[in-house]
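Number of protein chains: 2
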Amino acid sequence: MTEDWSSTSANHAPRALDLHLDVGALGPGRRQAGLEHALRTAVREGRLGPGSALPSTRALARELGLARGTVTAAYDQLVAEGLLLTRPGAATTVAELPPTVSAFAAAARPAPPVLHDLGPGTPDGSAFPTRAWLTATRRVLARARPADFGPGDPQGRPELRAALAAQLGRTRGVLTTPDQVVITSGFYQSIGLLAEVLRASGVTELAAEDPGHRTYREVVARAGLRVLPVPVDGDGARVETLTASAVLLTPSHQYPTGVPLHPDRRRALASWARRTDGLVIEDDYDGEFRHDRRPVGAFQALAPDRTAYCGSASKTLGPALRLGWLALPPHLVRPVVEAKERADLYTETLGQLVLAELIDTHAYDRHVRAARLRYRRRRLLLHRLLDRHPDFTPHGVPAGLHTLATTDREEAALLARCAELGIALSGLTELHHDPAAAPGRPGGLLIGFAATSDHGFERALHALDEALAS
Amino acid sequence: MTEDWSSTSANHAPRALDLHLDVGALGPGRRQAGLEHALRTAVREGRLGPGSALPSTRALARELGLARGTVTAAYDQLVAEGLLLTRPGAATTVAELPPTVSAFAAAARPAPPVLHDLGPGTPDGSAFPTRAWLTATRRVLARARPADFGPGDPQGRPELRAALAAQLGRTRGVLTTPDQVVITSGFYQSIGLLAEVLRASGVTELAAEDPGHRTYREVVARAGLRVLPVPVDGDGARVETLTASAVLLTPSHQYPTGVPLHPDRRRALASWARRTDGLVIEDDYDGEFRHDRRPVGAFQALAPDRTAYCGSASKTLGPALRLGWLALPPHLVRPVVEAKERADLYTETLGQLVLAELIDTHAYDRHVRAARLRYRRRRLLLHRLLDRHPDFTPHGVPAGLHTLATTDREEAALLARCAELGIALSGLTELHHDPAAAPGRPGGLLIGFAATSDHGFERALHALDEALAS
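Residue numbers (my numbering), protein chains in the order written: chain A, 14 to 483; chain B, 14 to 483.
Calculated from the structure, these hints are not laboratory results.
Note that the coordinates shown come from a computational prediction; the quantities given were computed from them, not determined experimentally.
Even for Gly, the Cβ is constructed at its ideal location relative to N, Cα and C.
Heads up, some of the hints might be wrong.
[To be verified] Which stretches of chain A does chain B cover? Using the computed rule of at least three CB atoms under 8 Å from a CB of chain B, they are:
| # | stretch |
| --- | --- |
| 1 | 140-149 |
| 2 | 351-361 |
| 3 | 380-387 |
| 4 | 441-449 |
Taking the hints into account, I'd like the entire structure generated from these sequences.
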């Protein structure tokens, strides 16, 4: 479709039609922009093909009822953009252009429809503290200085680091200072930065719980570290088997089994770290949520110089915020901050300031307490249901946002049945380092009780009841 | 200081003092927590040394006026945390613990005090549209669904991608669709992701303007690409010299010289990309800010299938937001989204939704227009000042947030003088690929006119006047 404008020069109407330009509809100040837009569109859609000569500015101005200066300015603009060509003494022509972009259809990600979200790691978004967040945002913006909208601190906002150092000391027993806290864009980034720093310091292997979180093992492996399995039993990770010089652990509530690391093992781990100059990466992913009593304090307090403590707002407020933190041994602060700066300069500022405000005003604590009560009740409902299905054995202490239930029944068939009923949850097998190994190992389901609203959770339990019964 | 508790067992008063515990001040529900806190602190501060035997629960309960069960529960908690040891038939003792953390003094970053910010890249934070941001936040939160606080889309929120596709088409002539837009945490991350994807596809070299942005060359080099210089003259980058298969350019307003890429070179660049299957990375870092007339459209429209268009909110709203975007050729969407997901899963959601709301309600356009007028006036003031210093030659078209002024005077001495007077600005030399090369090359100052408030800018100009005169 290379219709040549010049070939229809005797006929004025088609030109105006070609331009789809209704000058009457445009205010005086927008006529040049309107003409440019019409010319650009005609060129891109092929109505004005490459090499086509455009009418003179005088002719087009007369035809469209525009001032000649307007048309000249529009032509100049498009020449500057490279869409039109002008040569002394010759007509303005359309430049040679690439073919227009074919519409890009994003490949659909195949996913079954989820009616009941029993995923293990996401909190109840319907309980997001909208009002508190908005109030804190208003306060933060009201007192913001101009520099707060400028470049940020790669280590994180001092306000948030101070709030977290106090909060983590108070609620998790973490021994740290604002200078040792680093803000990241979530635990996923935290573990990536730590793995990069370890690799750069000559570490080649990192031990991680088996079973444990698959995604984080992948992050570590991409950083060039070999991941060694640490077996898990009813007392948590068997840390007496450690051979690597760094280990990623969930001591307060092992993921996914839900058991806390036994006190003897906590001490053994601290000795190991001191003896071997090893590093413990403590993933305190749901330490805020012990339902029966005050949580076991973070392991970090036993070996603060050998532990990188990791937390985030993902389980308390939501992963959408992308706010995570590290409490680091002094010698790791600088390398991790440098890695953070290399990765993405710094984490966005407003969210950090709002979270600091929520912590300082105790709105964060109130929110966590309310969530804990809600999840505690839901966990009881879930365990009551599991009691009715004796072929499932729940594990772990009353804590967190999920329960692991192991079974001798075939895990794949159970997961398929859940998917059929629109239930989203996870299987245990895929969390093992080698999912294909140990065929006699029991399968299991990770059943989250936080991701839905209260109402949705009850409906989800009904569906789960049906899935487990069949 | 290893005072042994058991050695003072005959004396009750010191125990209570050691614990710093005023039970009377604690409500009934907080007594266990208070005791735990006091014990924990005493252990950490060395007042209770390793191996010290604790009094029996009965004795301590009596001494402190607490129920025995409260003391037992507190001991149990600290045993679970590994701070205390208990053995059948023996007294509870303090566990062996590592030395307490030495306070970490963050090494001070040496930086002269900045009185006048004439840095080239930051917008006026005092003009941040606080009210509009807050209104948009309220609306976004009011209509948020629970899932909005859950895991995000690695490609970016559909609302923001749709808003940007329309906005970029309207204001920058970018030819794209929401499916081709990817949201990142700023241009710094955008260029890192692109470099990673290029390297993974076998590309080994990337050309970049000389002079040009040093930081971004470093990002590209870290991804494993060799960076080749593209010389810049008064018509922009000399793209006819390209030998690499990818090039990073600032076609609308070359950084730092401020000249737009000549129309002939735009066309030559598009032909090169088509002919060689090359990729143009268009850094449209300040395309919103053409002060004299409507901006030259983005180069991307000339070669949409061969251009990765990059923009961000850093120059319009502020870098603190960490919001950037890419409009990509269809074949690059999937690899870049996968790289983004590997890097940090996805960009935080609330900021994306708020920006989409600002764009959709035209508050963003209004803000940019107001900023443009402000910067235009400031640029005129700066150029009037430069007119009084004939040994400085300003370059570039009326656009952007900075002006480059070259000079035959010694750049290092000028920068030192500016620093003395508390003026923050940048030199030209460090933006060259090889700052040591070409000793005859003129030096220059990059003078930003956006980073301060209006009032601060006038004072900064006075200081600059003094620096250039001396």
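Structure-based check of all given hints:
1. 140-149: Holds: 4 residues of the stretch 140-149 of chain A have a Cβ under 8 Å from chain B.
2. 351-361: holds (count 7)
3. 380-387: violated (count 0)
4. 441-449: violated (count 0)
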